[in-house]
Amino acid sequence: METKQKYLTEAVPSFTPRTAMEEAARCLLCHDAPCSKACPAGTNPGKFIRSIRFRNIKGAAETIRENNVLGGICARVCPYDKLCEEACSRTGIDRPIQIGRLQRYVTDQEKAFGMKILKAVEATKEKVACIGSGPASLAAAAGLALKGYKVTVFEEKEKAGGFLTYGIIPSRLPQSVVDEEVQYIKDLGVEFKFNCKVGKDITIEELRKEGYAAFFLATGTQLPKTIDIPGVDLDGVTTAVDFLAAAKPNNGDIEVGENVVVIGGGDVAMDCATTARLLGAKKVTVLYRRTQEEMPANKEELKFAQSLGVNFAYTFRPGEILGKDGKVVAITGEGTDGESKIQLKADKVIFAIGQKADDLKEIVADIELNEKNLVVADEEADCKTNIPYIFAAGDVVNGGKTVVHAVAAGKVAVDSIDEYLTSIREIEATDKEVAAEKEGAR
Amino acid sequence: MAIKKDLSIEYLGVKFENPFCLSSSPVGSNYEMCSKALEAGWGGVVYKTVGIFIADECSPRFDNGNKEGTPWIGFKNMEQISDKPLEKNLEMMSKLKKDYPNKVLIASIMGSNEEEWAKLAKLVTEAGADMIECNFSCPQMTSHAMGSDVGQNPELVKKYSKIVSEATHIPVIAKMTPNIGNMEIPAIAAIEGGAHSISAINTIKSITNLDLDHLTAMPVVNGKSSISGYSGAACKPIALRFIAQMKQHPKLKDVEISGMGGIETWRDAAEFIMLGCRNLQVTTAIMQYGYRIVEDMISGLSYFMEEKGFNSLDEMVGIALPNIIPAEELDRDFKIIPKIDDEKCVGCGRCYISCFDGAHQAIDWDEEKRRPVINDNCVGCHLCLNICPVQGCITPGEVKFKEGREPHDVIFKTKYE
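Residue numbers (full-length UniProt numbering), protein chains in the order written: chain L, 1 to 442; chain P, 1 to 417.
Pulled out of the complex, with its shape left as it was, chain L reads as follows (with noise of 0.2 Å):
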């Protein structure tokens, strides 16, 4: 296949139905399953691969939805090998059951079958907006709806997704399978209005005159990090966030230079060097400041990027990146052992380092922000912020975790929203109730 075919095309294929009974047979399936406690988002493998092993495909698909309308996607960028993986009872035979994989044929069948589990409740509640449409905000988004409030993204790109549809690799989730969960949550009720920055297009207190009751802040972290060293503003000196950006929407159709070093090791810099790779890189260095096994990317994205001939430079941190006629022609690494050094001929160079915030000031100014200019609030309680009308979740809170993490925390803010709304509705209510007994006393 074309390089750039397969940057397209899923690496991993899917089951078959042959193939699915085969893997859900080798399950033990374990009288306390412990991939299900090991789900942050409360998927239940040890009942959907029950329902496989039954033949009950529809019930796992039910199974799967009713608890995660991104199940889809998760099923393809869940770090499963930390954690439903990790539990599974199997390990201690030979290898775990491949429950990720297992749960993207389960949404698969889903789509063939043309099942719709998740029905639009009217929406008969108060008006909610999600600010940013990343993966916490359209888990909270579905929850909401089902709910029956009425529901509005606000997005500033053309696009809902964040890093889902402008970051991860289309080999790893293809844009279609972000596009169909996105319309599945726009057919539960959801609105989504594009091209809109909250704090700059609309304001929160318009949106408040507006009737929006609470808001949901998921606006995730989208600033590249940098290190300051000698060379980064160089031409051919980027991010994982602007690089990757670019190579998504454009289904690939980028510049991408011949030799490129990423700088980072987990997996948004496993992303950029399999997209250069695929995109026609001719050599790839990952240059990661510490081991492989201290590494965080998941360790498919690692075998997937080997497989393609990346090299790794490990426990070496970027020292200066080299220039000519402004131009990147070379980055040195420092050894973490303070001998070593290597210097790597290079034309671009991309940090995947991690993100921070946005100015979250210029959308709520008086919201409260930790050190790290990242919102205070608890995602696994209540996702509460300073402000009672603003809850918030996912990387903006936490500053960068897993897509599952941030459905976690956006189921968590469902709850909370609901939570919040309801007892004002009853208060209002009993107000309502006392200024009518008034009145009749009067």
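A couple of the hints might just be wrong.
Below 25 Å or equal to it, Euclidean Cα-Cα: the simulated SDA-like pairs (lysine to any residue) are [what the hints assert, rightly or not]:
#1 K159/L x K225/L
#2 K47/L x F356/P
#3 K125/L x F192/L
#4 K67/P x D108/L
#5 K200/L x K372/L
#6 K111/L x L212/P
#7 K58/L x T216/P
#8 K67/P x E22/L
#9 K37/L x E343/P
#10 K37/L x S354/P
#11 K344/P x A87/L
#12 K37/L x I387/P
Please keep in mind that the hints were generated in silico from the structure rather than gathered at the bench. These figures come from a predicted structure and were not determined experimentally.
Take the given structure of chain L and dock chain P to it, following the hints.
Relative to chain L, chain P alone:
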């Protein structure tokens, strides 16, 4: 060096280089097939049943029974006897015997009346067959004068056995249908009629699966289907049971038996031999894997004999029969409590679930350690040992005698595969 034991054995006075034969079926339908099989190492072939009747077959004609990720646990076929003209089959049989004089050619025949049985017996004898197998048992014939309808009727079995054995000088085998309660009855009838041996079992009448779209059985033949024969591994327990019962019957205990029904491996072969078979026949496993499977049957059986010190298959024939006893004679004085190896245990809890839902609530579940713990309710049924997915994790442990029973030595199995 590869071990190669002498696997030769006499069956009905004819020496087989090994007991492995193709059974009368699609796997031995013509010269090329039988020739390839004999070259691959099979000791003999039972050529696909010939008759005056020429089969008109349907399409498709097969289905398989499966479970989880395992297909072919059993196999359903709707083929009848040969669909080739008799002359053609006789010609191929002659050529086979001529080209492979040291291999054994068994002709399977099926008539629909006395004249046909006699004629067929005479013709296949002239063609050079070493012995004749009377097919009284095909369960999917389109004529009710033939097949298992005959095998279920001891009178007819006796009559046709007599006609065939009188029409030939070579040994005659009567092939039994399992679609009956007691196989001893038609088997005795066959022997009384003059047959020299019994072969068992033919396929079991079955409906493997329904097709939920067309609301008929599988395979779907223009929207309909029929009951027909089931074979393969799933049938082995039934075959072994019929064979053991015949070999334990006073009137049949000295009758030689050719066994079949789900033989795939040397192990299956050893089991049939130890229950009294002197000859073995295989089809389903060949349809799934090809003639080459005989290599592992020969090699595996040789290693087994070496390991256990058997010098010939003769020493093995029927050796297990004395240990198959009536339920009322079993020693019921004790229970064997299983022991669980916590180190090997992976904590799946399947033993806990099965013991609670399917046995005696004799396993407690330690939530914290994720380990099963056997309690005093244990009756020693060993369901847990059967369900455990981990090799060697649950094994038989302490032998406990029931109250008031005299303790004594107990033979029990300690190693499970």
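Quick rundown of the hints versus the structure:
Of the pairs offered as hints, the one joining K159/L and K225/L holds, with about 23 Å between alpha carbons and a cut-off of 25 Å not exceeded. As the CA atoms of K47/L and F356/P are separated by approximately 19 Å, the hinted pair is consistent with the 25 Å bound. Simply put, K125/L and F192/L have alpha-carbon atoms about 18 Å apart, close enough for the 25 Å limit, and the pair holds. Of the supplied pair hints, the one linking K67/P and D108/L holds, its CA atoms being roughly 23 Å apart against a limit of 25 Å.
Between the alpha carbons of K200/L and K372/L the distance comes to roughly 23 Å, so the proposed pair stays at or under 25 Å and holds. Distance hint between K111/L and L212/P is fulfilled; the C-alpha atoms sit about 21 Å from each other, no more than 25 Å. Taking the CA atoms of K58/L and T216/P, the gap is near 23 Å; set against the 25 Å cutoff, the hint holds. Proposed proximity of K67/P and E22/L is supported: the alpha carbons are some 10 Å apart, at most 25 Å.
Restraint check for K37/L and E343/P: the C-alpha separation of about 23 Å stays at or below 25 Å, so the hint holds. For the suggested pair K37/L and S354/P, the alpha carbons sit about 22 Å apart, so the restraint of at most 25 Å is met. As the CA atoms of K344/P and A87/L are separated by approximately 17 Å, the hinted pair is consistent with the 25 Å bound. Restraint check for K37/L and I387/P: the C-alpha separation of about 24 Å stays at or below 25 Å, so the hint holds.
Going through the hint list in order, the structure satisfies each hint without exception.
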